[in-house]
Structure formats: structure tokens, C-alpha cells
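Asks: Residues per chain, in single letters:
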Amino acid sequence: MDELGVIASVLYQFGTNAAFLLLCALGLIVILGMMNIINLAHGELMMMGAYTATIVYQRGAPFWLSVICAFVVVGIVGAILERLVVRRFYGRELGALVVTWGISLILAQGTLLLLGPFMQAIPIPGGNFAIGQYSFSDYWIGMIVLCTLLIVALWWLYNRTEIGLQARATMQNATMARALGVNTDRIYMLTFSLGAGLAGMSGALLAPTTSIQPFMGQQFVAPAFITVVVGGAANVIAGALSSSLLLSLVKTPVGFLVGAFLGTVALLLAALVIIRLIPDGISAPIQRWLDRDVRAR
Amino acid sequence: MSDQKKMIDQVTPVVETKDSSTTGDSGLKRRDLLRNAGIGGVAAGLGAATYLQGFDRGRMRALAQDDGPVKVGFIEDESGNLAVYGLQKLHAAQLAVKEINEGKTLKGDANIGAGMVGVLGKVAKNPPVISKEGTALDVVNDGGPQDSADLVFDEDDDILIDSGEQGVLGREVELVSADGQSNNAVWQQLARRMIQQDQVDVLVAGFASAEREAIRPIVDQFKQLYFYTNQYEGGVADANTFCTGPVCEQQVIPTVQYMVQNFGPNCYTIAADYNFGQLTAAWTRAFIPLVGGNIIGEEFIPLSVSEFSQVIARIQQAKPDWVMTLLVGQNHHNYYPQAAAAGLKFPMASTVNMAQGYEHKRFPPPSLANMHNAIQYQMEVPTGRNRAFVKRWMEMFPDDQYIGEMAQNTYFTIHLYAKAARLAHTTDQETVRKCLELGWGLEAPEGSVFLEPGTHHCAHPIRLAYCDEQHNVSFLRDWPMIQAWWLQRLGVNLVRNPEYKQYVPDEDPYFSFV
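Taken in sequence, the protein lines are chains A and B.
Numbering-wise, the first sequence is residues 1 to 297 according to the working numbering.
Numbering-wise, the second sequence is residues 1 to 514 according to the working numbering.
A hint or two may mislead.
Okay, the calculated beta carbon distance ranges per label pair [claimed, not checked]:
#1 B:Gln221 / A:Leu269: 34 to 44 angstroms
#2 A:Trp101 / B:Glu395: 40 to 50 angstroms
#3 B:Ser304 / A:Gln120: 22 to 32 angstroms
#4 B:Ala318 / A:Leu11: 11 to 21 angstroms
By construction, these hints were calculated from the structure, which means they are not laboratory data.
Here the structure is a predicted model, which means the values were calculated and not measured.
Ideal Cβ placement from N, Cα and C applies to all residues, glycine included.
Between the sequences and the hints, there should be enough to build the whole structure, so can you do that?
Replies: Structure representation (C-alpha cells):
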């Protein structure tokens, strides 16, 4: 029974670590992969998602509805930001970097001014169950399942829909896609909006496990960037998934056996080694392999 | 007319400095001269005066600004990871300054010595339980019928009395405050600005120990009178610094003793990975064998960590009798709801959590259930003087949710400074420092505090706060006064032997005794 408990606990830790990294990174990697824009306001978009969800939840809405609201609201915010600011910086990566950083400062300080330093947190939905001496939170199990569903949904969106096809075409060669009648402007706006919405939703999903305050986004930025850099931007879905799984595979055993601090050290070392060996990220060889498959046919 | 006044301001220092130069102030170095010329040049616009300003700057400053306000420099984190504490402390400073300017002061005098006023106590079978809702300090459970053989708790009068003047020495007190943004580099810039540009008469600043250590060299460079109001790991022996918060020996030992007696010997420590967490954990490790306990696991967590599933699994694996949580900042506070969601039910102890970041009000129950903390203050302290203090605070800041341990320290510290300056008849920093070194007994909302002259630390009343399943708070045990004895044990006496360092446990055989 106790062996079963240990195995379940390690799997659970592996799943929660991977889910946490994936949720942090998803919105960021969509924007980076499709638009080559490093969005430094990512953490603040997650913060807005958490605030939206908390406000909606406190008005009496069920938790799932507040998560959807966060997705929609932050998605709209993303679309507005893209129209007003970000679109002026396409092709100027450093300019985009600085302008999104500026946006992040405005969003965080603006929230502090408007809504004050704190908000009462959402209680974590669901209870817990035990196997042996280990107990597990229902909510995190739900998050692991939800992350899997999210990946499937994204894959479907990119590979099985018209808009996904246009998005991939724009990503590969924007000029050619325009020549073939794809409205790349609209694709960019939708992509940025989707990335922002995903960030908002992730923020909402992580909101019950954290304290709701204007600078909360910062805690997600480092894990998000590490995951994205390790995953690379050649293939958004494969990159995010493989990177979060691999990093969790390194972090979980070290963190469990030695401690949280060295777990984080191991994660950073792994990221360092991977970036040294595969500078374009794990998704680059995956994409090459996929392409070879296509050419052979 | 204002020109005339300026003239006098400029002339007076010159005369004054000539005096001090003939009496032979020899500590002046060439570098200091240049530096002071640089600083003062703008303000005075007169070469001679600024050259001479290197002498006895404090006294000159006091004379030159006799008509201006008394400036209390104040730095805390109003934004960033530590804002949860900084905003409380800012409001505390604003309240204290307002009261001083309205002619109020706290009871207390120089030279009284450690001790409490005679206890005006009520007794009951159990201590009263204070509701977690709102700030009215409603009593949920009064502890049963009162009985002469049971627990004593205070219900005394308010401690705020008339000071006899508005402000200090007839001058208005002005709070010069700035936001440290939870960033050590910003702290250093602000400390320099306050000391050199704003020329504050006293500096009250510092949350994290890293922040204090970042600005302390600057404080010492300019011999700035400095108050550090935080609860911290202890050991700062600095002639320019007064530490008014409680330290490890006042909190760790009562907490550990209570936990081992009531829940068992095996303790698992999780602590923030910087000097505060490391050193407080070292205290726990050193003391626990003396009461028959032992540490079965210890883990230090970087301040950036906010996801705790692995830490929780490791605690479950270790199966301790109780968990010592020394977690700092908003990222770390996420441990409590996450541990509760994962079904972790071990009794918890702390010297920081609940009393400072009011996690029991910010997180839904039962995240903080079964938390124990030997505090010197938290908002629920069940005394009449504290109720009056909380009421005054909430009248000024009706939107505030909590008054934490260090907010109260900031409040009484600024009152203490005003009393000392009043007795010294000057805001000259050297004189006020000497006046503080008379030793001060002060009636603070927490109870009677004694500023011990030799170590510049305070003796505090300590209470064991307990958070129940509903997050209501009661106080299970009461130590009327605990000395900050560790620096005394090391032989620190800042009055006779000024030092400017922080002692660490490695320097004391106490920590390798067992």
C-alpha cells in the first residue's frame, strides 16, 4: 500500500509540475511561436485573468464560469493591445520587447492604483483524497486533465480548422500567405488575442492556489520563459508539451528526494544543457522530423 | 524677510562650526570634506559654510532647520512581493505622526527599566476567542465564566495621553516616505537620498533582513540615527541602529517549547531561503534538543517559489508531529491554501506567519487551522489599550483589513523617537541617540516595551497566538516580558563599545552546545 502511495505521489508531483509549467507557458509560446514577439506583459495578462476570475467568482458565479470569463476578457484586452500598440512593432523584436515591458508596468501599477494591494483569494475547489500516507488535491488532478484537454484543443485548432491552416501559413511565410489571400493582419490579431486569452485563463486556473495581488504575475514569468525557451518556437504545441514534460521529469525526482531548492536548480541546469545542445529548442528537431515525414510522402 | 531668514540660516552654522573647529574635532578626512562640499554646495551656495559643514553636522543641521519640520525618513515596500507588510507599516507611521502633531504621546519614560505595570487582569477558564471577521475584534467565545484560578488577560486603559505640545519641540513632524519596491538596489538609492538630500532627522525603515543589510552600511557611513522596526533573526549590534522588533530568542524558544510539550518532539522546518529563514531555522535547531525535541526535516525555499506540491509530499513522507513554517512574502503564502487542499493537517508553528501577513484573513479556512505563533503583537491582542489603538487606526484608515506585528512596532517606534527628542531638547541625532541609550519604558498597544540601552533591542511581552479551524484567534499563553538576551550573552554593549556588525549563531557556542 505504501509503495502504491509513493508511486502515486511521484506521478502526482510530476503531473502538477508539468501542468504548472504548461499553464505558465501556453499563452507566451503561442504569441512567440506565431508572431516572433517576446511578450513581457505575459505575467500581467495572467494577473488580469486571476483578477477577472476572482471578481466574477465573488459576484456569485461558479468557478468554471469565472475561468471562461477570464479567457474572454483577457482575450479582448489582448486584441485591443494588439490593435493599439503591438502591431506597430512587427519585425522589430527589441522594440516589441520594450513596449510589452512598458505595458506590463502600466498594467501592474494600474491594478495597484485601481484595486488596491490585495483581493480575497478564491478557495481551492474540490477536496482531497489519500493513498497510504500521501494525500492529493482534487483540484490539481483536475488541472492535469484540463491541461491535456487544452493541448488537444489547440492541436485541433491549428491542424483541423481553416483559421489554423491560415495561421500556420502566416507563420511559415507571411508574404506568400498574403499573396494567396490570407488576411495576415487579422491572423496576427487573433493570435495575440488567443495568446492573451490563454494567459488569462491560466491565471484564473492558478488563482485559487495563490494570493491575488497586482504583482502576482511576476512569479509565473520565469517558469514561463524557461519552458518556452527550452521548447522553442518551431512547433508551438509540441514545444510547450515536450518542454514542460521534460523539465518536470528532471525537477520532480530531485525535488522529491533532495528538496524544492535543488529541484529548481536541477530544472535550471537541465534548461541550460538543452539550450546549449539544441539552441532552437526541443520543438525544432520534432518539426524537422515531422517535415521529413511530409516530404517523403 | 525670507531672504533675511536664509542669511541667518547660513551665518549661524559658520559661527557654530568655528567653535567646534577650535575645540578640535579631529575626525575629518579629506574625502569627507570633498563629499560634504558636494552635498552642501547646492543647499547653501556658500563655499566656506559647506567646507565647514564637515564638523558636527548633526548639530548644525538641527540649528539650521530649527524652524522647519522634524523630518522622519521612512522607507517601506509599498509595491512588490513584500507590499503586504509595507502598506501596514506606512499607515502606522502616518497614524503616529498625526498623533504627535495633534499633541499626543504614548505613556512611558526614560530610565524606568524592564517590567510591567501592575496587571489589571480578568480571568477565565479559557482565553477569549477573537473573530476573524472585520476589524471590530468581536469576541466569539469569552472563555466561560470567570474564575479566580484561571488564565489572566489584560483589559486596561488606553495608553495615548497628551504630550503637552503639538509636534516635537514646537516643530511639526513631517513624514518623508518612499517606496522601496521590494528591491534592495532601490532601497540603497532611497537611503542615500533621504540621508543626503532630504537630511532626515531619523530614519525608520526596513522589512526584509536583506533590505536592512543593504542600507545599514549607508546608515553607518553617515552616522544616521536609524530604527529597524521588524521582527527579525537577531544579532544586529550597531551603534547607529535601534531594533525595536522582537528577535529569535523572544519568539522561537517559547513557540518551540509549547509545540514540543503539546504536540510531540518531531519537527519539520520549512523556511524562506535567505538570512532570516536560515538563521531562525538555526535557532530552532539549536533550541529544540533542550526541550527534548528534534528536527526530522528541514527545507529552505527560494522566495520566488509559489508552487508547493513537492514540499507538501516531502512533509507527508516525513510524518512530523508539527511543522515550523517560516515563510516570507506573497509567493510563499500560497503554501497554506495548497497544503490545506492537499489535506495536510499537521499542527503548525511560526514566528512570522499570521501575525504579519494575516494569512488567516486572506485565505479561506481551514488554510491556517492549528497555527501557533509566539507573537509580540497582532491585531487581535485582547486588551483594552489595543482595542482603543485598533479603533483609532480604523478611524483613520477605514479600508484597512489588518494591523500586523511590525505595523504596531513602527507606530510605537515613531512615538518613542518623539519622546526621546523631546527629552533631549534637540533633534541632533547624536544627542537623541544618547538620550535613547538612557533606556526607555514605553506603553505600546502590545503592552509594556523596554528599550535596553546596551544592545539597542527591546524586551517585549510575548503571547502565544492560536488560529482555530474557523480562523478565529485566541491567545493560549502569556509571557509578560521576555528579554532580547542573546546580544547581552555575547557581551555586546553599544554604549561603551560601539560596533557596526551583525552577529550570527556560528559565533556563539550556544549553537553547538548539544
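Asks: Decide, hint by hint, whether the structure agrees.
Replies: Hint by hint, here is what the structure shows:
no.: 1; hint: B:Gln221 / A:Leu269: 34 to 44 angstroms; result: 40 angstroms, holds
no.: 2; hint: A:Trp101 / B:Glu395: 40 to 50 angstroms; result: 41 angstroms, holds
no.: 3; hint: B:Ser304 / A:Gln120: 22 to 32 angstroms; result: 24 angstroms, holds
no.: 4; hint: B:Ala318 / A:Leu11: 11 to 21 angstroms; result: 20 angstroms, holds
Figure legend: structure checked against the earlier numbered hints; every hint is met.
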